[in-house]
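Put the complex together from the two separate chains, hints included.
Residue numbers (the numbering used here), protein chains in the order written: chain A, 20 to 261; chain B, 19 to 234.
Take these hints with a grain of salt, some might be off.
Straight-line distance between alpha carbons at most 20 Å, and here's what the computed EDC-like set of lysine to aspartate or glutamate pairs gives [said to hold, decoys possible]:
#, chain 1, residue 1, chain 2, residue 2
1, A, Lys61, A, Glu72
2, A, Lys46, A, Asp89
3, A, Lys177, A, Asp34
4, A, Lys76, A, Glu117
5, A, Lys234, A, Glu156
6, A, Lys157, A, Asp182
7, B, Lys132, A, Glu85
8, A, Lys177, A, Glu237
9, A, Lys84, A, Glu49
10, A, Lys61, A, Glu195
11, B, Lys229, A, Glu156
12, A, Lys76, A, Asp34
13, A, Lys205, A, Asp222
14, A, Lys61, B, Glu136
15, A, Lys144, A, Glu195
16, A, Lys177, B, Glu136
17, B, Lys132, A, Asp89
18, B, Lys132, A, Asp182
19, B, Lys132, A, Glu72
20, A, Lys254, A, Glu85
21, A, Lys76, A, Glu49
22, A, Lys198, A, Glu143
23, B, Lys132, A, Glu156
24, A, Lys129, A, Glu117
Example chain A residues on the side facing chain B (calculated, C-beta under 8 Å, incomplete) [claimed, not checked]:
#, residue
25, Phe110
26, Leu121
27, Ala122
28, Leu203
29, Lys205
Some chain A residues well away from chain B (every beta-carbon gap over 12 Å; in silico) [to be verified]:
#, residue
30, Asp44
31, Ala173
32, Ala204
Derived by calculation from the structure, the hints in this document are not laboratory data. Quick caveat, the model's predicted, so the values are computed rather than measured. For each residue, glycine too, the CB sits at the ideal point set by N, CA and C.
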Amino acid sequence: MSLVNLHQVHKYYGDHHVLKGIDLDIKAGEVVSIIGRSGSGKSTLLRCINGLEQYQKGGITLDGKEVTTDDIQVRRLALSVGMIFQNFNLFPHMTVGENVMLAPTIVLKKSKAEAEATARAMLEKVGLAEKFDSFPEKLSGGQQQRVAIARALAMSPKVLLCDEITSALDPELVGEVLKVLEQLAKEGMTLILVTHEMNFARDVGSRVVFMHQGKVWEQGDSKTLLSNPQTDELKQFMGAVL
Amino acid sequence: MIEFSNYDILRNLLFATQWTILLSLAAFVGGTTVALALTAMRLTRNAIMRTLVRMYVELFQGTPLLMQMFLCFFGLSMLGYEISAWGAAILSLTFFTSAFLVEIWRGCIDTLPKGQWEASRCLGLSFLQTLRFIILPQAIRVATAPTVGFSVQVIKGTALASVIGFVELTKVGTMLNNATFEPFKVFTLVALIYFMLCYPLSLYSKHLEKKFNVSR
Ligand SMILES: Nc1ncnc2c1ncn2[C@@H]1O[C@H](COP(=O)(O)OP(=O)(O)O)[C@@H](O)[C@H]1O
Ligand SMILES: [Mg+2]
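For reference, chain B alone in the conformation it holds in the complex (with noise of 0.2 Å):
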């Protein structure tokens, strides 16, 4: 059996780490693209567009990101769509990043003043128009602090990647605690890492918050 040091294990972790980050980021720019879609989609005036994005929320938001995963992963392999643990953790993140993101941009967006589309509409602007230049603007402002704040549940959500496979910080805490008996110190190694990541976003998403309420 292969003696760690300590030495050894936090620059295992380490490394796995990179891959929690990689993977996170793949959400979330994944998750904010397609979010980005269903939004626009759920403003339009057409009511099948409008609620297909209702039951894209409903059934990402109402189901385990844990069965999704699975689901893509041997489930997607079963039809005979070979995919591989990667593939599978960015693609069910994906939908789970974008049907929180939906929901959260939703209210910020209702938050600006019905008077805005208005104005938009009269002036003659189209849709589209409405949405670059004038309700994007505003809703980012509005939405970037719980924005920020939501990356936090998408690193904590990539742990659930090592079930099905996929080498990150967990999978490799696990595989480090089966080689040392160690749990304690490795487990509590992991959990501080993911702590290191993620609570300087929830600062600076209380910073964002602040910052917002007094500016306007």
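Isolated chain A, as found in the complex (with noise of 0.2 Å):
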């Protein structure tokens, strides 16, 4: 059965015409590559996913439930879809430890004890068991990057949506956030990522979705897919990108 599907899905802002027709359907474990140029809707796309952004028609559902962007409806989605941004948007007036463990508190009702194990458990995973005490400002934006992971992973999500999570990082930084979508994949995460690794996208990734003009241009196995690309307009962005 199906994780997270879309179907006919058009998304306008005011005339601008952002998403033409989406069609997508996402099973349980595969991690979904979204490409594309700048422009394209892959952001648009994601938050239309997880009810950030309202779309006008046609059908988005998550585990068969309909996503819309009602507040009760996104605080439920919210409990299986876990989101990573560019920018961290780490909450700078907690530590660490405390911006994994805000939501699983006040969002789960878990006590104190329990959160804070889940929050060292998730830190650990990411490799940052030793900066739970920390404020965000002190670390690196790897490591930033990897603590928003592990505040998204303590909601144990089911799907997780990643936007360009390694395009505001300093080059040496991208590995170390990379590594950890990598072991992520391997335990059976679902995840769906806007990203520029083609790396990545062939080598962790099941499936790559190439976007063009608000339509899915061309989507396909991974690896088939980037070797032997069959429209014009991917082959001059894997041209453009590689």
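Written out as structure tokens, the structure reads:
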């Protein structure tokens, strides 16, 4: 059964038609890389999946339940969808530990001890156990992004959405974040990531979706698609990024 | 006619200063409370609530505080609500203070990255939880300096309460002037007392601003 399903999704900003009939079906455990030029609608697509943006036509379901931007719906959705942003969006006034513990405590109503145990385990997983009491500003970009991943994982999501999560990082810090993602992929986490890391998409990803002008232009098994693109647009795009 | 020594003048003025301070505090507490509620309303996605707040701000920022005080005092009594000068002064100063604080705080909250709201939403926090745990703690750091700075305007605004008969510093100054015919002496003292109330607050606000700019 599909975990995330988009059926003929259309999204407009005013009269700007940004998503033009997206069909996408993602099963649990898949690692889907969304690639495409800037402005092709990749972020908008992710943001529709977790209810940050309202779409105007079509349907999106998560685990069979319809996705809307209704506040209560979005909060229910947040229990199964985690999101990681390009610029981390950690809470700067809280320590790393507090960042990770916050949602489990006030949303899942876990006890403080339980939330702390979860937080420590998640930080361990991303290799930052010793940073529990540090403030985000003391960490490198790569470390901050790993905290953001730990924070999302603490809610035990079924799927993680990642929007260019290595794009704001210095090149030497990209690897440590991708390694965490790779580990998650191995453990069977469903990942939908907008990325420019073609090697990662090929080697770790199971599927590549190429977006162009608000449409899914071409998609398929990551290794096949990237070594043998069918459309001119994808060929051109790959020429540009490689 | 009673003779007023310098000591008498000063003693009377200082006594009246207590009422100025008390009125300022009451207006500030009332204004902050109302401004908090209005700020929360302004941040919701409910367009009607946001419009109401905007109208409130425009109404009370767009009319003189003196008129607001007149309306609260004389207007309400004409409508059959007996209100003391003290009550009318607090009420109108609360309107005034809150209308400005909402705008000041709006500026502070808008400096926080949108990503803070989105990250909270993605973690499943409700609107009020986001305000309480994410937005307010960060906004307070930014807002303290301009808020303290604005409190100076509140103190000066209390002087207007003298015209509806509330006996505070300015009113007592006027009364002493009528009794002594020494306007220069009396009003210099009055001004000096206002200055001594306001100047430390201005200094403190500047200090907070510097501290904040260094720490970020
Ligand atoms: N909040 C917004 N308001 C109006 N237009 C937007 C907004 N967000 C994105 N867009 C437009 O939608 C299109 C797709 O944007 P986006 O999904 O961010 O593309 P990508 O992530 O692929 O670079 C762009 O043309 C962008 O200008
Ligand atoms: Mg984008």
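Consistency of the hints with the structure:
no.	hint	in the structure
1	A/Lys61 / A/Glu72	holds, 13 Å
2	A/Lys46 / A/Asp89	violated, 25 Å
3	A/Lys177 / A/Asp34	violated, 34 Å
4	A/Lys76 / A/Glu117	violated, 39 Å
5	A/Lys234 / A/Glu156	violated, 38 Å
6	A/Lys157 / A/Asp182	violated, 23 Å
7	B/Lys132 / A/Glu85	violated, 26 Å
8	A/Lys177 / A/Glu237	violated, 26 Å
9	A/Lys84 / A/Glu49	holds, 19 Å
10	A/Lys61 / A/Glu195	violated, 24 Å
11	B/Lys229 / A/Glu156	holds, 18 Å
12	A/Lys76 / A/Asp34	holds, 14 Å
13	A/Lys205 / A/Asp222	holds, 12 Å
14	A/Lys61 / B/Glu136	holds, 17 Å
15	A/Lys144 / A/Glu195	holds, 12 Å
16	A/Lys177 / B/Glu136	holds, 19 Å
17	B/Lys132 / A/Asp89	holds, 19 Å
18	B/Lys132 / A/Asp182	holds, 15 Å
19	B/Lys132 / A/Glu72	holds, 14 Å
20	A/Lys254 / A/Glu85	violated, 35 Å
21	A/Lys76 / A/Glu49	violated, 26 Å
22	A/Lys198 / A/Glu143	holds, 14 Å
23	B/Lys132 / A/Glu156	holds, 18 Å
24	A/Lys129 / A/Glu117	holds, 13 Å
25	Phe110	holds, 6 Å
26	Leu121	holds, 6 Å
27	Ala122	holds, 4 Å
28	Leu203	violated, 17 Å
29	Lys205	violated, 24 Å
30	Asp44	holds, 23 Å
31	Ala173	violated, 9 Å
32	Ala204	holds, 20 Å
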